[in-house]
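Produce the complete structure using the sequences and hints provided.
Letter by letter, the chains look like this.
There are 2 protein chains.
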Amino acid sequence: MKNAFYAQSGGVTAVINASACGVIETARAHSDKIGTVYAGQNGIIGALSENLIDTSKESAADIKALKHTPSGGFGSCRYKMKSLEANKAEYQRLIEVFQAHNIGYFFYNGGGDSADTCLKVSQLSESMDYPIQAVHIPKTVDNDLPITDNCPGFGSVAKYIAVSTMEASFDVASMCATSTKIFVLEVMGRHAGWIAAAGGLVDENIPVVILFPEIDFDEPKFLAKVDANVKKFGYCTIVVSEGTKWADGRFLAEQGTRDDFGHAQLGGAAPVVANLIKEALGYKYHWAVADYLQRSARHLASESDVEQAYALGEAAVEMALAGKNSVMPAIIRTGNNPYTWKIGSGELKDIANVEKMMPKNYISADGFGITAACREYLQPLIEGENYPPYKNGLPDYVVLKKQLAEKKLPEFKI
Amino acid sequence: MKNAFYAQSGGVTAVINASACGVIETARAHSDKIGTVYAGQNGIIGALSENLIDTSKESAADIKALKHTPSGGFGSCRYKMKSLEANKAEYQRLIEVFQAHNIGYFFYNGGGDSADTCLKVSQLSESMDYPIQAVHIPKTVDNDLPITDNCPGFGSVAKYIAVSTMEASFDVASMCATSTKIFVLEVMGRHAGWIAAAGGLVDENIPVVILFPEIDFDEPKFLAKVDANVKKFGYCTIVVSEGTKWADGRFLAEQGTRDDFGHAQLGGAAPVVANLIKEALGYKYHWAVADYLQRSARHLASESDVEQAYALGEAAVEMALAGKNSVMPAIIRTGNNPYTWKIGSGELKDIANVEKMMPKNYISADGFGITAACREYLQPLIEGENYPPYKNGLPDYVVLKKQLAEKKLPEFKI
Numbered sequence: 040m041k042n043a044f045y046a047q048s049g050g051v052t053a054v055i056n057a058s059a060c061g062v063i064e065t066a067r068a069h070s071d072k073i074g075t076v077y078a079g080q081n082g083i084i085g086a087l088s089e090n091l092i093d094t095s096k097e098s099a100a101d102i103k104a105l106k107h108t109p110s111g112g113f114g115s116c117r118y119k120m121k122s123l124e125a126n127k128a129e130y131q132r133l134i135e136v137f138q139a140h141n142i143g144y145f146f147y148n149g150g151g152d153s154a155d156t157c158l159k160v161s162q163l164s165e166s167m168d169y170p171i172q173a174v175h176i177p178k179t180v181d182n183d184l185p186i187t188d189n190c191p192g193f194g195s196v197a198k199y200i201a202v203s204t205m206e207a208s209f210d211v212a213s214m215c216a217t218s219t220k221i222f223v224l225e226v227m228g229r230h231a232g233w234i235a236a237a238g239g240l241v242d243e244n245i246p247v248v249i250l251f252p253e254i255d256f257d258e259p260k261f262l263a264k265v266d267a268n269v270k271k272f273g274y275c276t277i278v279v280s281e282g283t284k285w286a287d288g289r290f291l292a293e294q295g296t297r298d299d300f301g302h303a304q305l306g307g308a309a310p311v312v313a314n315l316i317k318e319a320l321g322y323k324y325h326w327a328v329a330d331y332l333q334r335s336a337r338h339l340a341s342e343s344d345v346e347q348a349y350a351l352g353e354a355a356v357e358m359a360l361a362g363k364n365s366v367m368p369a370i371i372r373t374g375n376n377p378y379t380w381k382i383g384s385g386e387l388k389d390i391a392n393v394e395k396m397m398p399k400n401y402i403s404a405d406g407f408g409i410t411a412a413c414r415e416y417l418q419p420l421i422e423g424e425n426y427p428p429y430k431n432g433l434p435d436y437v438v439l440k441k442q443l444a445e446k447k448l449p450e451f452k453i
Numbered sequence: 040m041k042n043a044f045y046a047q048s049g050g051v052t053a054v055i056n057a058s059a060c061g062v063i064e065t066a067r068a069h070s071d072k073i074g075t076v077y078a079g080q081n082g083i084i085g086a087l088s089e090n091l092i093d094t095s096k097e098s099a100a101d102i103k104a105l106k107h108t109p110s111g112g113f114g115s116c117r118y119k120m121k122s123l124e125a126n127k128a129e130y131q132r133l134i135e136v137f138q139a140h141n142i143g144y145f146f147y148n149g150g151g152d153s154a155d156t157c158l159k160v161s162q163l164s165e166s167m168d169y170p171i172q173a174v175h176i177p178k179t180v181d182n183d184l185p186i187t188d189n190c191p192g193f194g195s196v197a198k199y200i201a202v203s204t205m206e207a208s209f210d211v212a213s214m215c216a217t218s219t220k221i222f223v224l225e226v227m228g229r230h231a232g233w234i235a236a237a238g239g240l241v242d243e244n245i246p247v248v249i250l251f252p253e254i255d256f257d258e259p260k261f262l263a264k265v266d267a268n269v270k271k272f273g274y275c276t277i278v279v280s281e282g283t284k285w286a287d288g289r290f291l292a293e294q295g296t297r298d299d300f301g302h303a304q305l306g307g308a309a310p311v312v313a314n315l316i317k318e319a320l321g322y323k324y325h326w327a328v329a330d331y332l333q334r335s336a337r338h339l340a341s342e343s344d345v346e347q348a349y350a351l352g353e354a355a356v357e358m359a360l361a362g363k364n365s366v367m368p369a370i371i372r373t374g375n376n377p378y379t380w381k382i383g384s385g386e387l388k389d390i391a392n393v394e395k396m397m398p399k400n401y402i403s404a405d406g407f408g409i410t411a412a413c414r415e416y417l418q419p420l421i422e423g424e425n426y427p428p429y430k431n432g433l434p435d436y437v438v439l440k441k442q443l444a445e446k447k448l449p450e451f452k453i
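Which chain is which? The protein sequence lines are A and B, in order.
Take the first sequence: its letters are residues 40 to 453, numbered as in our numbering.
Take the second sequence: its letters are residues 40 to 453, numbered as in our numbering.
Simulated from the structure, these hints should not be mistaken for laboratory data.
One or more of the hints may lead you astray.
[Said to hold, decoys possible] Heads up, simulated SDA-like pairs for lysine to any residue below, C-alpha to C-alpha not over 20 angstroms straight-line:
id : chain 1 : residue 1 : chain 2 : residue 2
1  : A       : K430      : B       : G374
2  : A       : K440      : B       : A216
3  : B       : K323      : A       : E293
4  : A       : K452      : B       : S218
5  : B       : K119      : A       : T219
6  : A       : K96       : A       : Y118
7  : A       : K452      : B       : A216
8  : A       : K72       : A       : L360
[Said to hold, decoys possible] Computed Cβ-Cβ distance ranges for the label pairs, DEER-style:
id : chain 1 : residue 1 : chain 2 : residue 2 : range
9  : B       : N244      : A       : A267      : 43 to 53 angstroms
10 : B       : P398      : A       : V393      : 55 to 65 angstroms
11 : B       : K323      : A       : V393      : 44 to 54 angstroms
12 : A       : S166      : B       : K323      : 30 to 40 angstroms
13 : A       : A267      : B       : K446      : 22 to 32 angstroms
14 : B       : K260      : A       : A319      : 55 to 65 angstroms
15 : A       : D255      : B       : E293      : 28 to 38 angstroms
16 : B       : A286      : A       : V393      : 36 to 46 angstroms
17 : B       : Q442      : A       : K399      : 38 to 48 angstroms
18 : A       : K270      : B       : P428      : 27 to 37 angstroms
C-beta: ideal position from N, C-alpha, C; glycine also.
Written out as structure tokens, the structure is:
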């Protein structure tokens with residue numbers, strides 16, 4: 040009977056631990072077929088450095104609590120393995136560690152880069168004669184993986200951005216007669232506007248202008264749109280993606296400013312947009328940058344996101360037990376009203392290094408909003424609430440013991 | 040039988056509408072003693088301009104929904120009435136509007152400046168021979184009103200900041216081995232560190248450094264503290280109040296930077312702090328500015344905050360019906376474990392223009408954290424959850440009809 044290895048990869052989310060929970064609970068339910076689940080301490084680096092967290096030392100209650108705990112419970116990392124040709128020693132090391140701990144299943148929980156690493160590991164049987172089954176579990180707030188309807192982590196960010204846009208708009212609407220008329224919210228998404236699009240899910244009586252990374256920033260057209268909203272509604276809310284660029288390719292967030300000592304000053308896109316409006320139109324503004332708050336906000340997670348993250352972890356183990364390799368379980372949408380979905384799957388060769396962009400017909404003709412098609416796609420992903428338990432006014436998130444398995448190999452320089 | 044006037048004043052909060060709900064529902068329950076409640080459209084300006092929202096036109100369900108709706112349902116404003124001597128015409132106008140609409144009760148829902156206006160109105164019987172009873176209802180996220188244990192609006196902001204600090208810290212903790220080690224969250228509070236202090240409510244195993252407006256920013260000491268946390272915990276979270284200042288009195292947020300066109304660039308305190316750390320210690324950072332998100336986040340309101348906001352609105356009407364004038368209902372804390380409170384009251388002359396600062400013994404000796412006394416005070420204020428209902432994945436907040444009463448007077452130039 041083989042043991043399993045599980046690792047979290049890349050930026051963490053509000054629900055990646057729900058996938059971990061799905062993997063570990065399902066493996067425990069099949070203890071006749073699968074041994075210990077070892078989790079990489081800080082992702083794949085934990086495998087290379089033989090820092091393997093023995094998840095069998097964690098109580099059932101703590102593993103269950105992962106389902107309502109944001110962040111990466113075992114630690115994650117940004118570390119992309121090179122190709123087999125470029126760094127064969129790393130793959131050799133992986134095999135040594137897997138062999139030393141009798142690991143036959145590899146579960147990798149991440150985005151596009153991770154799918155590529157997972158693909159390479161899935162080929163180790165062939166390329167380096169080590170028998171292993173590798174299954175990728177999708178995760179990314181960027182929502183850019185192909186085949187799956189959406190990516191766990193995205194739905195909860197979308198819900199956070201939609202709710203925050205709505206709440207801040209209510210605030211500004213009640214003050215705009217004599218005070219702030221402009222509110223700018225900066226959201227994540229360097230390459231794609233999926234997250235920014237979520238700002239368009241609020242009621243259509245709320246004037247929201249969205250700045251997408253897909254659309255070159257057209258200052259005069261933007262200012263005219265904002266001004267028209269203020270004249271009609273009394274105020275305007277702007278949701279700007281961190282990846283929004285001028286026509287010449289520079290990010291809005293590159294302010295070209297220097298502090299008193301001549302150091303380049305890094306800012307956000309939100310204050311830049313707010314200042315442009317102030318200079319041109321004179322309106323009083325406020326701005327916010329949500330940053331990590333948006334992706335860690337488990338307190339406001341989307342129910343479908345939590346359930347899908349768990350189901351994908353569960354499906355990954357079931358696929359491995361069914362003898363599959365080099366695959367990824369995926370969400371297949373089967374209906375919109377009401378939203379229904381099932382688990383399907385894709386081949387890693389069709390997933391690795393393929394980026395799913397937002398369809399062009401999801402952005403409205405003027406470039407500042409979302410279309411009905413986009414709303415139809417996004418709407419179900421923010422539906423349902425899934426609150427964590429609270430203790431003393433704060434969410435009762437779990438911190439695992441993270442006890443390491445005994446090392447059996449000499450140290451390895453990463 | 041006299042009618043009543045109610046107005047919202049200053050920056051809105053997640054629970055000011057709960058006070059409005061308390062006022063209107065209680066007045067409706069005493070329809071034998073109190074007539075129509077008129078609400079000022081956009082605060083006191085609605086009284087001066089005779090834009091009176093007739094709340095009797097709103098359904099019971101919509102008034103009830105105010106209890107779970109953030110922002111100012113009737114509109115608020117930043118408008119401080121001058122003294123009676125400086126602008127007697129304004130007070131004369133108020134009396135004309137009150138007379139025209141048979142208004143004998145004045146309920147003003149705001150912070151320190153509003154208490155001052157309410158005090159002046161309460162003296163109109165004496166000074167201008169117009170019989171009116173004025174009752175102030177406390178509201179301010181700044182938590183700086185005297186006599187009351189705390190101010191409605193503050194508890195919910197404190198909960199939002201504590202939860203967000205916790206969630207972002209979990210995020211950074213799971214990435215810090217190979218990526219971001221510093222997270223900076225900027226919070227409101229230009230004069231007092233009440234809101235920043237809430238960042239200290241997280242578990243003591245989370246390394247949080249707080250920058251208070253009460254403490255001059257000591258860069259070398261701050262950097263040493265941050266570095267020590269990174270070395271011990273692997274990461275450090277910083278909660279910085281927008282009001283934090285250098286020893287020479289300049290705000291941290293005044294960056295002194297210019298854009299490509301030579302315009303002064305306005306930034307936040309968070310990016311300044313993050314850049315200082317990067318320059319000195321080289322750690323990778325992320326930063327967020329919560330801005331209006333923190334005060335409008337009804338989705339994460341504190342249960343005690345909602346209940347107190349409602350109870351104070353209710354008490355204001357009861358005090359008026361009992362013949363009181365120039366008073367403010369207040370929260371009196373009667374116990375900490377468990378938290379118990381009752382409604383008391385104070386005289387407006389003791390409240391107007393008095394600012395309650397954070398006690399010195401609430402800030403830890405090194406100036407970067409909160410003391411046990413502070414935690415004991417703050418802890419009950421964030422306890423309990425009070426979720427709004429949701430519809431299609433978004434909170435089901437109410438937008439009132441806001442039908443205006445017919446005008447009876449000529450226009451007045453404000």
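**Numbers of unmet hints, in rising order** = When the structure is compared with the hints, numbers 6, 11, 14, 16 turn out to be violated.
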